[in-house]
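With the hints as extra help, turn the sequences into a complete structure.
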Amino acid sequence: MKANCKISFPRFGNYNIAIEILMKLGLECDYIDAPLTTKKTLEIGTKYSPDFVCTPFKYQLGGYIEAIEAGANTLIQVGGPCRLGYYGELHEQILKDLGYDVKFINMAEADFAKPLTFYNEFKKINPKLNLKKVTSTLLLVVKIVDAIDKIEDFIRQNIGFEKNEGDFDLLHREFLAELRTVRTKKELNQTYKKYYTRLKNVETNKPTHPLQVGLIGEYYTIMDPYSNHYIEKELAKKGMIIKRWMNITNSFFNAPEQEIKKSIKDYAKYDMGATSMYTVKCALDYAKDGFDGIIHIKSFGCTPEIDAMPVLQRISEDYKIPIIYFSFDSQTSDVGINTRIEAFHDMIIMRKEKKK
Amino acid sequence: MKKAYLGIDIGSISTKGIIIDEDNSILASMYLWTEGNPIDAVKKLIHILKEQINLEAYKVVGVGTTGSARKLIGTILGANTIKNEITAHAIGTLSLYPDVRTIFEIGGQDSKIILIDDGIVIDYAMNTLCAAGTGSFLSSQSKRLGLEVEEFGPLALKSKNPTNIAARCTVFAESDLVHKAQIGHKKEDIVAGLCKAVVTNYLNNVGKGKKIYAPIVFQGGVSKNIGVIKAFENATGEKIIVDENSHLMGALGVAILAKDSDEEIEFNFDIEDITFETKGIECKRCANNCEIICIYKDKELIDSWGNKCDNGAIKVRKREKVH
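Protein chains in written order, with the working numbering: chain A, 1 to 356; chain B, 1 to 323.
Not one of these hints is a red herring.
Below are the DSS-like pairs computed for lysine-lysine, each with C-alpha atoms no more than 30 Å apart in a straight line:
id	chain 1	residue 1	chain 2	residue 2
1	A	LYS163	A	LYS237
2	A	LYS40	B	LYS308
3	B	LYS279	A	LYS39
4	B	LYS208	A	LYS269
5	B	LYS308	A	LYS39
Only part of the chain A face toward chain B is listed, based on derived beta-carbon distances under 8 Å:
id	residue
6	LYS39
7	PRO310
8	GLN313
9	PRO322
10	MET350
11	ARG351
Residues from chain A that face chain B, not an exhaustive set, calculated with beta carbons under 7 Å:
id	residue
12	THR339
13	GLU342
14	ALA343
15	ASP346
16	MET347
17	LYS354
For the record, the hints were derived by calculation from the structure and aren't laboratory data. The beta carbon of each residue, even a glycine, is placed where N, CA and C say it ideally should be.
Here it is in structure tokens:
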């Protein structure tokens, strides 16, 4: 039974494909693709946001408004592990005050420990939903997210060495387009395998010991390329391997809290909230693995990540690994960012040559 | 004919130029205000440098640019080296002080710290969001106090009891300064307090969490301010080295990098009569509305940038490209 709602979610990396499939296939409702994030999205979002909220709030609010203008009448907020968890209510209120008549589904009200609460949230979208269908689609969607993460992981590590500029980007775009049409596990496996093989066959010239840089930091900004000014690509283009543990799959399914706490106990005794523990853990791993440098990314004013920074400075000192910090707000000029990236690149090259 | 190399550092406030020979000796140097027009500033600069150098004995075969307008100026001069200011400053300073461990750099708009170990940069940081530790803050405050920037340092040295001025944020510092002046603090004490505030802000924001080892070299426009030098010495307990050419380190660094580059270029000092124009075009292909900057040399497009994606690429025909 088809529900009478047009649902949307603001752009977030390339994960909207997964949400689209969940809504169309699992909840049997129409999905409105939110327009791609642009300068305008941020402008709208900033205009109607309190000044002191973090940038993800502004991007999302801008995204909601653009989605409404594109025809959506139902919006989802997924919440998050920090103050993002409270953003849903605020977004909803702001949209109401602006006079938008939309339904707002706030997943932050559901409880991870009680899966049934998610079912209740979904029911608000489509009261006649089919539990079996939702469950099977959810399982598929988890796999789709995993495929996105794996493919992007591979690209990140190789795009800096492509012989023919643009090969990886083109395949990436084709992969995402095909992924959108996937409806079964079988189709997904076919698509994934096809593109993984094609990506592997892209001609590259990787040196024997290329520069390796690890990206760590706050959940939203690190995963949304527009928010971080495509920093991964800018870095990779200079000819290095970029590694990033933080993605949806890892943070949901590969993050055993106790184990992580134990592994960083020399550096952090208490959980500082949100992604801070993962940030410390990843920095420590990259340092131990002998990476050439680490880049820390956060939105301006992200408290958990600010708390993690002194710990990172200790890791940097102990392992003699340079860590550079980027804080993103609603600025849109790349000049300062590029200067820092360039200097960072020069520095790690010099350090590497010295080590030889 | 001996070979020479030109290095230009085009900052937000000032433009610095230097010509060196193959032994890094300075053959010509100049410092002038950018005044919001980097192209004109560089034309003036090159004209002055031309008069300082003996063109019958030397031939410029390498040009390097650094500073925030490095790309623009590098493009119009056909430079063989375009480098960020952090690397350029480090290279320049290392050529004069091979043992340096820490470089403090405070310029007009930004400030940075560069940590060096065994002749290589091991860490750096730049100010990000606050201008309290920069030269433009000092110059705006000196205006408020009715002083020339040049008088600032010597006056600060006269103070026996520097006024405490909140250093956390430019706006707070400014209102603190006004209040202290209004309740009767002496001008020299306020000025000394400001120098201290700049140093505190710098060490807390830019130098945060970094271990500072001597020798310390201080450079950038603010290094000409003796009050700030003293405040740095008090805060670190170390001697602060300021080179007489401390303002030229970026230009020197990028000249050395141009020398080390494999490529040699033809450089013509007579650029005064060439018109360089830049045109900003707003790309309308998506809502990003990227502002694309096109650079014209005598009405001919030589380069363009600013587009986020290929849709906005304005291509230069091959034969038109100058380098």
